[in-house]
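Participant: In case you want the letters, here they are:
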Amino acid sequence: MNPASESVGTASANVPDATGRYGAFGGRYVPETLTRALDQLAVEYAKAKADPAFQAELDQLLQDFVGRPSPFYHAKRLSEKCGGAQIWLKREDVNHTGAHKINNTLGQALLTLRMGKQRVIAETGAGQHGVATATACAHFGIPCVVYMGEEDIRRQAPNVFSMKLLGAEVRPVTTGSRTLRDAINEAMRDWMSSVDTTHYILGSVVGPHPFPQIVRDFQSVIGSEARVQSLARFGRLPDSVVACVGGGSNAAGMFYPFIEDKEVELVGVEAGGRSDGAGDHASPLTFGSPGVLHGSYSYVMQDDDGQTCDVHSISAGLDYPGVGPEHSYWKDTGRVRYTDCKDNAALDAFDALASCEGILPALESSHAIAAGMKVAAEKSSDQIVVICLSGRGDKDAAEIARLKEERK
Amino acid sequence: MSSIDQVFADLRAQNRKAFIPFVTAGDPSLDVTSAALKELSKRGGSVCELGIPYSDPIADGPVIQASYTRALQRKIKLSQILEMAGKTTPEMSAPLVTMVSYAIIHRHGTEQYIQDAKAAGIAGAIVPDLLVEESGDFAKICQANDFSLIQLVTPTTSRERAMRIAETSTGFIYYVSVAGITGERTQLPPDLLDNVSWLRSQTKVPICIGFGISQPEHVRTLKKVADGVIVGSAIVRRMGEIGEKSEEQVIDEIGDYAETLIEALNE
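From first to last, the protein sequence lines are chains A and B. Read in order, the letters of the first sequence are residues -10 to 397 in the working numbering. Read in order, the letters of the second sequence are residues 2 to 268 in the working numbering.
Don't take each hint at face value.
As the list claims (entries may be wrong) - One-sided and incomplete, this derived list gives chain A residues near chain B with beta-carbon spacing under 8 angstroms:
| hint | residue |
| --- | --- |
| 1 | D48 |
| 2 | T164 |
| 3 | M181 |
| 4 | T297 |
To be verified - Cβ pair distances, simulated, as ranges:
| hint | chain 1 | residue 1 | chain 2 | residue 2 | range |
| --- | --- | --- | --- | --- | --- |
| 5 | B | T187 | A | M104 | 24 to 34 angstroms |
| 6 | A | S182 | B | Q203 | 18 to 28 angstroms |
| 7 | B | K141 | A | G268 | 32 to 42 angstroms |
| 8 | B | D138 | A | G105 | 30 to 40 angstroms |
If you're looking for bench data, these hints aren't it; they were derived computationally from the structure. All C-beta atoms in this analysis are idealised placements derived from N, C-alpha and C, irrespective of residue type, glycine included.
Turn these sequences into a full structure, and let the hints steer you where they fit.
Facilitator: Here it is in structure tokens:
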């Protein structure tokens, strides 16, 4: 394997290669049982991508069912509060089901039908991917099982209820830290035993090739729209684009269409948690090291033995010890600047957006808002910072109330 | 000739089959693991597998996963496992191989892992998440060090791919009996024998079948086509009974259990 440092240089949008590599990162580190399904998925996806009818069907769904294009919104009062650049929000929170996740699940549900598979499994942390998968499956009439850690079930009760209303079976995961990481392990185990009949709709730009590419491509609608909207509004591209990074799907979708626009600064925001200490955050790009987790080679929070470390974030969707391999590639090439945002700063940003703009952001997105406000404050008023508002905060209301009580 | 090659050469000369037991390192303690390995070797184990606990073992079923979790909760480290192996292998007639995630090997350093494993008397590695496409560099280092890299073939592996795996696998080929995770099962898939027979006709590398094997009837069926059988969860489950029963009692029971399977294998 190439050392990670070999990928340093100019980031290309023409990744991954045929083996699923983004520079040194990516690839496939999975049990042999899954290779046939991954090969089939890669072949079918390549065919679908080149099939105008597939894209047209997806585009129609995104327009009529999801409500795309999502708005590009000038957060005037938040910009005034920051006193710097003009902050614009890419409003994925107003999508059907309330987050960017629906872009990917509809695409993968269409792939499921194309591959002739009769059942879908998924994993979820914050629940948004679970709701989006359950929604896509309900739309197409596909049976759906969603794995979710018990701790996340506690934190995200409204989404659990929604998934059940949508006809999905929610299977609690009681192993390990009972969060997203363990839900992915269980979903992969299920897939090992059901691979001939089941498609695993992975929710982020993680996992073995071709998943990181498929999810990035389906999410790239976010950045492509933002690019067009920016050119239409300002006649130019934004100065900075900011997005939160757990596994990194909204950020990958937001950044990818801007990768070759060198004048646009890209900022990814990880969960800084309680402190910089091990186990207190979920920031593998900031504090981790290259390793193998959940089927690919990427930055991971691991100990000296290669065991995955426990991580922490107030946001269930960011509470993950790994990150998509393309983010690792972008980090090492220097194309994207990665930073982190602490739990308390995210809660403050939640309040700021709620009170200035009348928008409740998801706790995940609150991390991007906090960092985006910092970026904007350092710029002049004629500059433009676009923040990906990846999801809405209704699902987090009870958890935020509890956290605020704790802070008193 | 590696020590594993020698085992299979000897078994073939005697028209016998290999029994390959699996034990999780450090569950419930490294001392007990050492005692279990010595017992299984003494009772007729041909090659012993030592599972290196990993935090995210996606190929393993609930029994082995739980044993990994218990071992890691005791803060067991790779260096301690290798130290235990180094003290145990001189007292074993059966070669020892590790079942180890690539996450652990990569973190340790591929060359370093092989050097340290060899120094502990370990003869090879099964790396369940290192596919043939990704294993080229590691396979070269293994070969240069006469360290067996035992690769896996599964029911979902195409025949063309199985051939590629057979060409790069050393020691033996690990044939996974079912498309799924590890764990005891009552029935084996109906096409298993045909699939293994086909592979048997294509390669001289020994083929051992694992996943889901726990009963003498399984062993009697599989010995017709396989060079050996691998038994993991059934042993690990019994090891988990330590506490309810004494260590000595459980190790003795595991030895008895191994003997019943070995008898069925060589009837």
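Participant: Against this structure, judge whether each hint is valid.
Facilitator: How the hints compare with the structure:
no.: 1; hint: D48; verdict: 34 angstroms, violated
no.: 2; hint: T164; verdict: 7 angstroms, holds
no.: 3; hint: M181; verdict: 5 angstroms, holds
no.: 4; hint: T297; verdict: 4 angstroms, holds
no.: 5; hint: B:T187 - A:M104: 24 to 34 angstroms; verdict: 31 angstroms, holds
no.: 6; hint: A:S182 - B:Q203: 18 to 28 angstroms; verdict: 27 angstroms, holds
no.: 7; hint: B:K141 - A:G268: 32 to 42 angstroms; verdict: 37 angstroms, holds
no.: 8; hint: B:D138 - A:G105: 30 to 40 angstroms; verdict: 37 angstroms, holds
Of the numbered hints listed earlier, the single one contradicted by the structure is hint 1.
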